[in-house]
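**Q** We have chain A already, so just place chains B, C and D on it with the hints.
Chains as they are written, first to last, in numbering that gives the first Met the number 0: chain A, 0 to 397; chain B, 0 to 397; chain C, 0 to 331; chain D, 0 to 331.
Do not take every clue at face value.
Below, computed lysine-lysine pairings styled on DSS-like, alpha-carbon distance capped at 25 Å [stated by the list, open to error]: (1) D:K219 with B:K140; (2) A:K392 with D:K175; (3) D:K175 with B:K140; (4) B:K237 with B:K39; (5) B:K392 with C:K209; (6) B:K392 with D:K209; (7) A:K392 with D:K222; (8) A:K261 with A:K30; (9) D:K222 with D:K209; (10) A:K237 with C:K222; (11) B:K392 with C:K219; (12) A:K179 with A:K231; (13) A:K106 with A:K237; (14) A:K140 with A:K179; (15) A:K179 with A:K392; (16) B:K140 with B:K237; (17) A:K392 with C:K222; (18) C:K222 with A:K140; (19) C:K219 with A:K140; (20) D:K222 with B:K179; (21) A:K30 with A:K52; (22) D:K209 with D:K219; (23) A:K106 with A:K231; (24) C:K222 with A:K179; (25) D:K219 with A:K392; (26) A:K140 with A:K30; (27) C:K222 with B:K392; (28) D:K222 with B:K237.
A partial selection of chain D residues facing chain C, derived with a Cβ cut-off under 10 Å [to be verified]: (29) F2; (30) T5; (31) A96; (32) H236; (33) R237.
It is worth saying that the hints were derived from the structure and are not from the lab. No residue lacks a Cβ here, since even glycine has one placed at the ideal position from N, Cα and C.
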Amino acid sequence: MDMSFSPEDQAFRAEVRQFLRDRLPARLSEKVRLHQELTKDEIEEWHGVLNEKGWLAGNWPVEFGGAGWTAIQRHIFEEESALAHAPRILPFGIAMLGPVLQKFGSKEQQEHYLPRILNGQDWWCQGYSEPGAGSDLASLKTTAVRDGDHYIVNGQKTWTTLGQHANWIFCLVRTNSTVKAQEGISFLLIDMTAPGITVRPIVLLEGTPEVNEVFFDDVRVPVANLVGEENKGWTYAKYLLTHERTNIAGVGFATAGLAALKRIARAQVANGRPLIENPLFAARLAEVEIDLMAMSTTNLRMLAQAAAGQVPGAESSMLKLKGTQIRQAINDLTRRAVGPWALAFPSEALEGANDDAPPGPAEAAGATRAYLNNRKLSIYGGSNEIQRGIIAKSLLGL
Amino acid sequence: MDMSFSPEDQAFRAEVRQFLRDRLPARLSEKVRLHQELTKDEIEEWHGVLNEKGWLAGNWPVEFGGAGWTAIQRHIFEEESALAHAPRILPFGIAMLGPVLQKFGSKEQQEHYLPRILNGQDWWCQGYSEPGAGSDLASLKTTAVRDGDHYIVNGQKTWTTLGQHANWIFCLVRTNSTVKAQEGISFLLIDMTAPGITVRPIVLLEGTPEVNEVFFDDVRVPVANLVGEENKGWTYAKYLLTHERTNIAGVGFATAGLAALKRIARAQVANGRPLIENPLFAARLAEVEIDLMAMSTTNLRMLAQAAAGQVPGAESSMLKLKGTQIRQAINDLTRRAVGPWALAFPSEALEGANDDAPPGPAEAAGATRAYLNNRKLSIYGGSNEIQRGIIAKSLLGL
Amino acid sequence: MDFGFTEEQTMLGESLARTLERGADDSALFDLGAGAALMTEEAGGFGGSGADILMVFRTLGRAGAVTPLLDSVVLGAGILADAGEADLAEAAASGAARIAVALDEPGQRYDGTVATRAEGDRLTGEKSVVPGAEDATHLIVRATDGLWLVETGAEGLAMRGYALMDGGRAAEVTLKDTAARRIGDVSLLEQPLAAAILAVCADALGVMEKAVELTTDYLKTRKQFGRPIGSFQAVQHRMADLLTEVEQARSAVWNLAGNLDAPDRDRHVAATKSLVGRVALYVAEETIQLHGGIGMTEEYELAPLARRLLAADARFGDSDHHLERFIAVSAA
Amino acid sequence: MDFGFTEEQTMLGESLARTLERGADDSALFDLGAGAALMTEEAGGFGGSGADILMVFRTLGRAGAVTPLLDSVVLGAGILADAGEADLAEAAASGAARIAVALDEPGQRYDGTVATRAEGDRLTGEKSVVPGAEDATHLIVRATDGLWLVETGAEGLAMRGYALMDGGRAAEVTLKDTAARRIGDVSLLEQPLAAAILAVCADALGVMEKAVELTTDYLKTRKQFGRPIGSFQAVQHRMADLLTEVEQARSAVWNLAGNLDAPDRDRHVAATKSLVGRVALYVAEETIQLHGGIGMTEEYELAPLARRLLAADARFGDSDHHLERFIAVSAA
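Chain A extracted, bound-state conformation (with noise of 0.2 Å):
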C-alpha cells in the first residue's frame, strides 16, 4: 500500500500547474472564480491554447491528435485545472463524440470531424434528452425516416447545454418504432445550420440561459451522417455515457469550491469573529471536507483499478452520487456564508436585472449562482435516483 503518487505523475502535476500559471488568463480564471456565464469567444480561447499544447484531448490516443494520457494523468489533469480557476473543457466533442467516432464511426468520418473538434472549426452539442423521456431516455421520440440518400428527421431535443454556440449536434433518433425502445435507435451528426432547426434558449432558476430546446422539422441528414449501423444507436450511446464518467466526482470542483468557501468564511465576520471560528459552522465545513478526502481516495481507487484493467461498476455511480452531493454541501455552505448577500439575485439574463450590479464582494453573487445552478448536479447525466438504482441493481440484482 502506498497512497503517494508516482515520481512520474508527481512530475507531470508539476508541468501542468507551472502550464496553467504561465498560459490561464487571469481574465478567465477570474470570471470561472466567480462562477460568471464565459463567452464563446472566452471558451474557445482557452481551448485553442491547450491544443496548441496538445493538451486539448487529454482522453484521446496520440494517432487521433489526443494526448494519450493515463487515467491519472487524466485526473491530474483535471484536479489542477479545477483548482487554477481554468475553465472547463467542452465535453461535447472531446469526452463524448471524440471516443464514439474513434470507436465505431467510418474512417472517413474519423479524417474530418476529429481534427475539426481540435483545432475548434466545430463546436459539437448533445441531442439526447428529449421532453417527454428525461431519465428514461430510451424513451426517445425525435424521427429519422430514410429517403434516398438522406434521413428526414423530425422532432425536438432538449436539455442541449450550449446549444445556441454550436454548428453541430449529435443526436439519438428513432429509425424504427416496430422494436423494443433501445433496438430502433440510430446516431446521426447533424448540421445545425441545416434547415427546418430551430433553438430555443432555456433560462435556468438562476437566471443563465445554459441550456436549450432544439426543433428539427423536416431537416435533410444525409446519410453520410450515420455513425455506425442503423439502430446500433443505443450501444454507442451508452459507450458515450461511460466515457462521459470520467472525473464524474468532481473532486477538483470539490476541493476549489472548498477552498474559495474558507476564504469566504475567514472574510465574514459573525458575532465580532470570524465565520470560520464558529464552531457550528466550522463544524459543517469539517463533515464536508472529511467526506470530500475519503470520496477522493474513492476516486483514485477507481483510477487505479480502471489503469489495472478492471471495468468500474457500480463504483462510478457512488462516485456520481457522493460527488454531487459534497459539491452541493460546499455550495449551501457558501449560499449559507455570505449571509444576507444570498437575497441578492444577480440574473443577467431575466429581465428587470440586467443594469444591476450585485452587492457584496463579487463571490457573494457567485455564491447563489452556483448554489442555484449546480441544483443540475444531480439531475443530469443520469440522476442520482437513476445511479441509486444502479447501485441497488448490481448489488441485489432484483
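**A** Showing chains B, C and D alone in chain A's frame:
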C-alpha cells in the same frame, strides 16, 4: 387562535400531577427513568393504583368502567405520566382489546372480559404478527378450523410483547383461505393456559426478553370466543390499529427523554466544561428540541381536530414518523453523552453478563439499553416505511 | 385551545387571495385593509395579532405576491407605532408612506453589529441589503446609538438597487452626514422584528404549500418508464418525508403566531425561524429534484418559489444563526 | 500509487480468516503470527504498517472475533516498544503477556483529562472502561505526569469487570497506593493510539461489510406482499445510499492506513475516526431497520454486529469528538 389549554384542562393537569406525586412509588419511577425492566408484579401494582382511582382506562366510556376522558385529557394524562416516569399502561387490554370488545363484542363478552381487564385478573397479549408476515399483516397463516363448538387453531404468532406474563391472547386467525387474504380472517380470544400453546421468549439485542413467539398446536378454542362475525376480523383489526395510534407521537416520552439527556449532559465533562455547553453538542440537542416543539403542536392540532369530530388522515402517520425520529435522535444523543460508558453492555438476560453491575451512573446503562431497544420504534406499530406509504398515498393517490 | 382563525381573519384571507389572483397592485391590497390588519387597534389598525400576520403572509406566499407589507408595515409601521410616531405609522399602514428598515451592514451577517453613527442629527455609514429602499419615503436606520428616521430625499443619501431572490428589490445604502431624527432605542426593534420573522415564516409556509401542490400535480401526471413518476416507491417515500417536514414547519409557524406576545417569545422566534429556514431549503431542493430538469427552468412555476424559499432562510438570520440564538435564549 | 496489499499481507489475512472460521482461540492467532504482524521489525515483529493493521483487523471484524490484539498488542505492546520496554513488548506480541491500557476516568469522556497521580512510585486514582483489564498481566496507566506500568497482582489494585458491546470485557479499575513504574511521557501514546484507532476503524469496516452482506442476502430472499423485499424501490435506494457510505468508510480507513506515518497523521486520525464512527452507527441502524423485527433479535447474526459498531464509535472518542479534533488539528 389560542395556544393555551382551557382552565378545565389546566385543572385536570394539576390533578394528574398531584396524583402522580402522591401515588406513584419512587421505586417504580426510578426503574422507568433508568430504562430498567419492570417485573410483572410491578406493572400490576401500578395498574391497581390507577384502577382504584378509576384512571386505568382513560379511553373507555364510563359505562364500561373507564374514565371517559376527552382526547385532550388523555393526552395530558399520558404526558404527565411520562414526565413523572410512571410505568406505561399496558396497551393490550386497555387500548387494543377493550375498544374492540366495546364496539364489536357480544354483551356476554363485554360483561365477562372488560372488568377482568380493569381489575387485573387477565393479562392480555396480542397475536397479530407472524414469522412470515412482517409488515404484510394480512398474509397471516395461523388457521382456525371449525370442529363443532370449537375452533382448532394451528400456527405461530411472533413479536408477542410481554406474552410470557399473559394468560389470554387475542388473535387474528385464518378461517377461510379460499377468498382474498383480508376476507378470510377472524378475531379470536384464546386462553393461554389451553393445551397445545407454547411460549418461547425472544431476546432482543439489548438483552431483554421483551417479546415472544407463541405456538399453537391443535389448540381447541370455544366458538363463544369469536369476536363479532367469522371472517370479519380484518375490520376489527383495523379498528384496533386506529385506537392503538393514540399517543402515537410519544410527546411525553420524548419530553422526559430530553430532560434526562440534559441532566446527563450537564453532569458529563467535555474538555473541562459541562458537555451541554459544548457548541456542537448543544446544536444537536437544540435541533431535536426545536423539532419536538413543532411535533408537539402537530400532536395537539390533531387532537383538536379529533375533538371537533374530524377523522385524522395521514397526519397520524406523520406523527408516528416524526415522533419516532425524534425519540431515536434523543436516544442517540444520550448514547453519545455518556461517552466511553456506552461501551458497556449492561445485559440482564444474556449469558455471561448476569452478575455484572454496569459502570458509571445508572443513567449510562439506561442510555445504551434505550438506544438499542428503541430501534423498535421505527419497526413496530406499522413500520416507518409503511407510514411513508400511507402518507404518499393520501397525497398522490397512486 | 384553538388553532383556528376568527371569521374576520378567514374572510380577509379569502378576499386577499381573490384580489391577488386578479393580479391586483399594492394600492388594492391596502384598500382591502391588508395593512391595517397587521396593526393593533391602539396603533390604528384592526388586527396585528400573530394569527392576523400568519393569515396575511401565508396567503401572500401562496400567491407569490411581492408587496411592501412586510418591510413597510409589519417592520416599519410596527417600529414607528412603538416609537410614538403614530401619524407616520398610520400612513405606512394605509400605503400613503413607504418605510424601509436598514439593519445590516456589509459583511456583518445577522448579529446586529453596526458602525453607522450619528454626529448631532447627521448620520454617516453604510447599510447593506435594505429591502424596499428604492420605493421608500422614509428609512429607519439602525445606528450605534439607536434607531433613526431618514427621509429618502435627504442630502447625502445614496442608493444602489438590485433584484432580490424573493421577487422584490433592495439597495445598498450610503449615508454621508445625512439629516436624521432619532426615534428611540434599538430595543424598539424587538417586537416588530419578532412579528416580521413570523411574517417571513408564514410567507415561506405558503410558498412551501404551493411547491408541494405543484410537485404533487407533476408526479401524478408526468410519466416515465411508462408510469406516473409518483407511482415509484422511492419517490413516494421522499414525498412522505417532505410532507412530514412541511407539517413540522406549519406547526412551528403556529407556535410563533400563538406566542408572539408570550414571555418566551424569543425562544419561539429562534425555534421557528431555525426550523422553517431549514425546511424551506429542503423543500426547495427536494421539489426541484423530484421534478428533474423542468424544475430548474425559469419558465416553470417552481423557480420563483425555490428562490423565495432561499430568501426566507437568508432574511433576518438563517437557520444556524437562529439555532445558536435558541441555545443562547434557552440557557438565559 | 498502490491501494493493494503485499502477498504476505494477503496470505496472512486469508489464513487468519480460515483460522477464525474454525473457531480458533487466542493462542492459535498468536501462533499464526497475528501479533507479530502488528509490530515493526525493529520492535521484534514483521509488519506493523498501516496495511498490516488494516488487513488483520478488517478480518477480525468480519469474523466477529474477540481478541486481545488491539489492547494488548497494537496499543499495549506498541507503547512498550516505543518506551524501550522491548522484552515485555515482545511478550505481549507473542501472547505470553497481556497488557491493558487504562486511559479514561469516570465522567471525563475522551479528552485525556486525568486525576490519577503518583506519589513516589505509588499510583492512586480511578480508571474507567479499561478493556481486557481482567485478563491482563500488566496495566499501562495514564496518570497526570505520564504513563506508568502496573502489575495486575499489585497490592491496592481492584477491578470490577463487565461485558462490552464488542463482545469483550472491561473493568473499572481502582488504584490505591499501588506499586508502579513510570515508563515515559504521555506523548508515547500518540503513535500507538493512532494505530489503535486505525485498528478500531478497520474492524468496524469488516463488521459493516458483513452487515451489508447479511442484509443483502435477507433482502433477496425474504418476501413481503408477494415479492422479495429487495425488489421494492424505496428499499433499493436506501441500500444504494448505505453502500455509498460504506464505500466512504472504506476509503477513510485506507486514508489512515496509508498515512499512519505521514506528517499530517493526526488530521487523518480525526477524519477517519469521525467518518467511520458516523457511518458505523448509520449502518447499524439502517441494516436493523431494513431487516425489520428479526434484525433486533439476539438469535439473528446482526445483533452482535450492531453492538460492535456502536462500540467502535464509542472507543477512543466518538464521531463528534473527532470532528472537533479535526477542526483543531486543521487550524493548527
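**Q** For every hint, state whether the structure bears it out.
**A** Verification of the supplied hints:
| no. | hint | verdict |
| --- | --- | --- |
| 1 | D:K219 with B:K140 | holds, 22 Å |
| 2 | A:K392 with D:K175 | violated, 60 Å |
| 3 | D:K175 with B:K140 | violated, 64 Å |
| 4 | B:K237 with B:K39 | violated, 29 Å |
| 5 | B:K392 with C:K209 | holds, 19 Å |
| 6 | B:K392 with D:K209 | violated, 35 Å |
| 7 | A:K392 with D:K222 | holds, 17 Å |
| 8 | A:K261 with A:K30 | holds, 19 Å |
| 9 | D:K222 with D:K209 | holds, 21 Å |
| 10 | A:K237 with C:K222 | holds, 23 Å |
| 11 | B:K392 with C:K219 | holds, 11 Å |
| 12 | A:K179 with A:K231 | holds, 12 Å |
| 13 | A:K106 with A:K237 | holds, 21 Å |
| 14 | A:K140 with A:K179 | holds, 13 Å |
| 15 | A:K179 with A:K392 | holds, 22 Å |
| 16 | B:K140 with B:K237 | holds, 18 Å |
| 17 | A:K392 with C:K222 | holds, 22 Å |
| 18 | C:K222 with A:K140 | holds, 14 Å |
| 19 | C:K219 with A:K140 | holds, 22 Å |
| 20 | D:K222 with B:K179 | holds, 18 Å |
| 21 | A:K30 with A:K52 | holds, 23 Å |
| 22 | D:K209 with D:K219 | holds, 15 Å |
| 23 | A:K106 with A:K231 | holds, 18 Å |
| 24 | C:K222 with A:K179 | holds, 18 Å |
| 25 | D:K219 with A:K392 | holds, 11 Å |
| 26 | A:K140 with A:K30 | violated, 38 Å |
| 27 | C:K222 with B:K392 | holds, 17 Å |
| 28 | D:K222 with B:K237 | holds, 23 Å |
| 29 | F2 | violated, 32 Å |
| 30 | T5 | violated, 43 Å |
| 31 | A96 | violated, 49 Å |
| 32 | H236 | holds, 4 Å |
| 33 | R237 | holds, 9 Å |
Hint check: violations occur at hints 2, 3, 4, 6, 26, 29, 30, 31; the rest are consistent with the structure.
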